[in-house]
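The primary structure of each chain is shown beneath.
There are 2 protein chains.
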Amino acid sequence: MRDVGCPEEELFSFLSSKRQDDLGYRSILSSMCTPPHPVAVRAHMIFIETNLGDPGLFPGTSALEDLLVERLGTLMHRPDAGGYATSGGTESNIQALRIAKKLKPVNSPNVVMPASGHFSFTKACDMLGVEARTVPLDPEFRMNVEMAEDLIDANTVALVGVVGTTEYGMIDPIARLSEIALDRDIFLHVDAAFGGMVAPFLDRPIPFDFRLPGVSSISVDPHKMGMSTIPAGCLLVRDPDWFSRLSVDTPYLTVKREFTLAGTRPGAPVAAAVAVLEYMGRDGMKAVVSGCMENCRRLIEGMETLGCPRAVTPDVNVATFRCERAPPGWRVSMTRQGHMRIVCMPHVTRDVVEEFLADMCDMNA
Amino acid sequence: MRDVGCPEEELFSFLSSKRQDDLGYRSILSSMCTPPHPVAVRAHMIFIETNLGDPGLFPGTSALEDLLVERLGTLMHRPDAGGYATSGGTESNIQALRIAKKLKPVNSPNVVMPASGHFSFTKACDMLGVEARTVPLDPEFRMNVEMAEDLIDANTVALVGVVGTTEYGMIDPIARLSEIALDRDIFLHVDAAFGGMVAPFLDRPIPFDFRLPGVSSISVDPHKMGMSTIPAGCLLVRDPDWFSRLSVDTPYLTVKREFTLAGTRPGAPVAAAVAVLEYMGRDGMKAVVSGCMENCRRLIEGMETLGCPRAVTPDVNVATFRCERAPPGWRVSMTRQGHMRIVCMPHVTRDVVEEFLADMCDMNA
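These protein sequence lines are chains A and B, in that order. Quick note: the first sequence, position 12, residue 12 per my numbering, numbers continuous. Quick note: the second sequence, position 202, residue 202 per my numbering, numbers continuous.
No lab work stands behind these hints: they were computed from the structure. Any given hint might turn out to be false.
You can't tell identical chains apart in this list, so a pair holds if it fits in one copy or across any two.
[As the list claims (entries may be wrong)] Straight-line alpha carbon distances no greater than 20 Å define the calculated EDC-like cross-link-like pairs of lysine to aspartate or glutamate that follow:
| id | residue 1 | residue 2 |
| --- | --- | --- |
| 1 | Lys102 | Asp126 |
| 2 | Lys104 | Asp153 |
| 3 | Lys256 | Glu294 |
| 4 | Lys256 | Asp66 |
| 5 | Lys256 | Glu324 |
| 6 | Lys104 | Asp351 |
| 7 | Lys256 | Asp359 |
| 8 | Lys102 | Asp138 |
| 9 | Lys256 | Glu146 |
| 10 | Lys104 | Asp21 |
| 11 | Lys104 | Asp3 |
| 12 | Lys256 | Asp183 |
| 13 | Lys286 | Glu146 |
Only a predicted model underlies this, so the values are computations on that prediction, with no experimental measurement involved.
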């Protein structure tokens, strides 16, 4: 540490120079995050001091967390779902698997999940001492349900399906997983961290939520397609009582028990998430999602015209291509299978798509 | 969800009304958080869009995280310590125990920690399948080191000491724990989430950091006494290579491996934490800590004059009393032993202390 403090203007000139070293979102085509909506930032600032780790001190902010859970629960067809605001998909996935493990105490627990599962499940299984059994994908990069059935045994504490896979934007056959989960009495966790704010607003929605009776829990991240500030995740569970399995005593707080992973938790991104949901409404979210899907289709068509065929037709706004090189100045990413990947987030507007396509065209010329 | 979006002014009138339901910090005497410093808020806003989960997209923000780790590492007498910005003390404690468990693979791992350990260790041990062995405290609420030695066995993967206990503000005898840790080759994690930003600035600092050769890792939270925005925690480790034990593959990101608990991580509170450290410098932090300690002493003296004796003389700015009732309008908390507890955070100014004492006096009159 410096012995003597730095003058404020010198400090902010330094911080601003660092911020300028970051890439601008305009060139970022590889991220599942996007600049927060202006109402999110405005709400965030109002709640910047708040701490949901001690809800009795912040009953107003705490009520907003309840409202967020109710809104997302309703969107997922279970208004009385249990839930809380997490730091993001990883925490949601860890907590869901913790619950599943506690509901079915076996000696050598395993979880059956698709090969497309997010790497957070690797962390979760490592932490919890649970074996991860990975199910191969079908040719369209969705979980192969028959092979999933073969991997399930008496020690399977949870089955995982993904809504909006990170690499290819696919939706696993959740309806069939729900049947298997009911049939074999297994906890079904749906990782909809990305797709949870896309799938409900598609022109032809694919069922994936609590309407399917086998779905036990859902992870959905307002800080991805919900255009909130970071960190804003949400874990929803069918039975709110399940959270008691995770509770620890919390002396010296205004509440006596706590089931969240973190202790101190920011209220600001929760207020931001609520603000976006309320401001947009279903109609507004449909318009955003519809724009992203339209841009995704245009990008795929344009790339195919340039000789870069799609790897698959995605269910949500992630486009992948059988080509490797992007023009300079753009950040795309590559899937493990070597396909170029572009996430059509709200900041990837039609103009951005056309500019990217023009640069692709120039590069190939 | 609403079908149609809510007009912006109606939305913000609703959000503001909720914020008004929260308690103001002026009446909160029970929290280890405090309103963020103005430079923290200003820095937070500049970095509100940033995501440390994909550091290659945000190299400037990522450099600030490195700077935070270097500054705190230097403060803890190990400038080349490994580290990263966590969501807070709970994540730091979980990750430290994960490392300890991996460094010493045994069948039935246990952790030896003081009875004063934060409840986050209960969560961590539950998640990681590690037995928590709790060491009784001495009459001054510090860990009884002799009894700790008795609880250590071949399956002990970590020893935990606390710097600034949540309930009584005590500092465990870390120097002696360091000797034991070296002697018996055990990982020693120091939970300085609260005290890490207090102890180095005391008039008579008590050794607790990497200068003690047995200390393996330290948790310190800028969002507590570091006056940053939430969530800003930090885990420091003696050997940066240890993090590789936690790494998972991260395809489709700008980095290939990731050892953090969360994936998407906010850059804003990290910039805020750096801003406060740089703005304050050692001298500024000493002045803040000195003020908090002075107010804590004044509170204890004043309360004793009113017939409420101290439960113990604290090492850091947490005051506890052998009395139960606080005057109306103030939020204090109670320890498990039934002592009234007040945390003398920076927002608990001398004026606030005098006002509280006057109200205590009126109540007893």
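Worksheet entry | Homo-oligomer pair classification [aspartate 153, lysine 104; C-alpha up to 20 Å] | Within one copy only: 13 Å inside a chain, 31 Å across chains, cut-off 20 Å.
Discussion item. Please sort lysine 102 with aspartate 126 into within, between, both or neither, judging by C-alpha distance up to 20 Å.
Written reply: both (16 Å within a copy, 10 Å between copies)
Worksheet item: Between copies, within a copy, both or neither: which fits lysine 104 and aspartate 21 at Cα up to 20 Å?
Response: Answer is neither; intra-copy 49 Å and inter-copy 40 Å both fail.
Discussion item. With identical chains, the pair lysine 102 and aspartate 138 could be close in the same copy or across copies; at 20 Å between alpha carbons, which is it: within, between, both, or neither?
Written reply: neither (31 Å within a copy, 35 Å between copies)
Worksheet item: For the identical chains here, do lysine 104 and aspartate 3 meet the 20 Å Cα criterion within one copy, between copies, both, or neither?
Response: Neither way: lysine 104 and aspartate 3 sit 55 Å apart in one copy and 39 Å across, limit 20 Å.
Fill in: Copy assignment of lysine 256 with glutamate 146, given that the CA separation must stay at most 20 Å
neither (45 Å within a copy, 32 Å between copies)
Discussion item. My question is about lysine 286 and glutamate 146: at a cut-off of 20 Å on alpha-carbon distance, are they close within one copy, between copies, both, or neither?
Written reply: Close neither inside one copy (34 Å) nor across copies (64 Å); limit 20 Å.
Worksheet item: Quick one: lysine 256 to glutamate 324, C-alpha cut-off 20 Å, is that within a copy, between copies, both, or neither?
Response: between (54 Å within a copy, 17 Å between copies)
Discussion item. Cα distance capped at 20 Å. Does lysine 104 pair with aspartate 351 within a copy, between copies, both, or neither?
Written reply: For lysine 104 and aspartate 351, neither the intra-copy (51 Å) nor the inter-copy (55 Å) Cα distance is at most 20 Å.
Practice prompt. Can you give me the call for lysine 256 and aspartate 183, within, between, both or neither, at a CA distance of at most 20 Å?
Written response: Close neither inside one copy (37 Å) nor across copies (39 Å); limit 20 Å.
Item to complete: With 20 Å as the alpha-carbon cut-off, assign the pair lysine 256 and glutamate 294 to within, between, both or neither.
Response: neither (49 Å within a copy, 31 Å between copies)
Discussion item. Treating 20 Å as the Cα threshold, decide for lysine 256 and aspartate 359: within, between, both or neither.
Written reply: neither (58 Å within a copy, 27 Å between copies)
The structure does not agree with the numbered hints 3, 6, 7, 8, 9, 10, 11, 12 and 13 stated previously, though it agrees with the rest.
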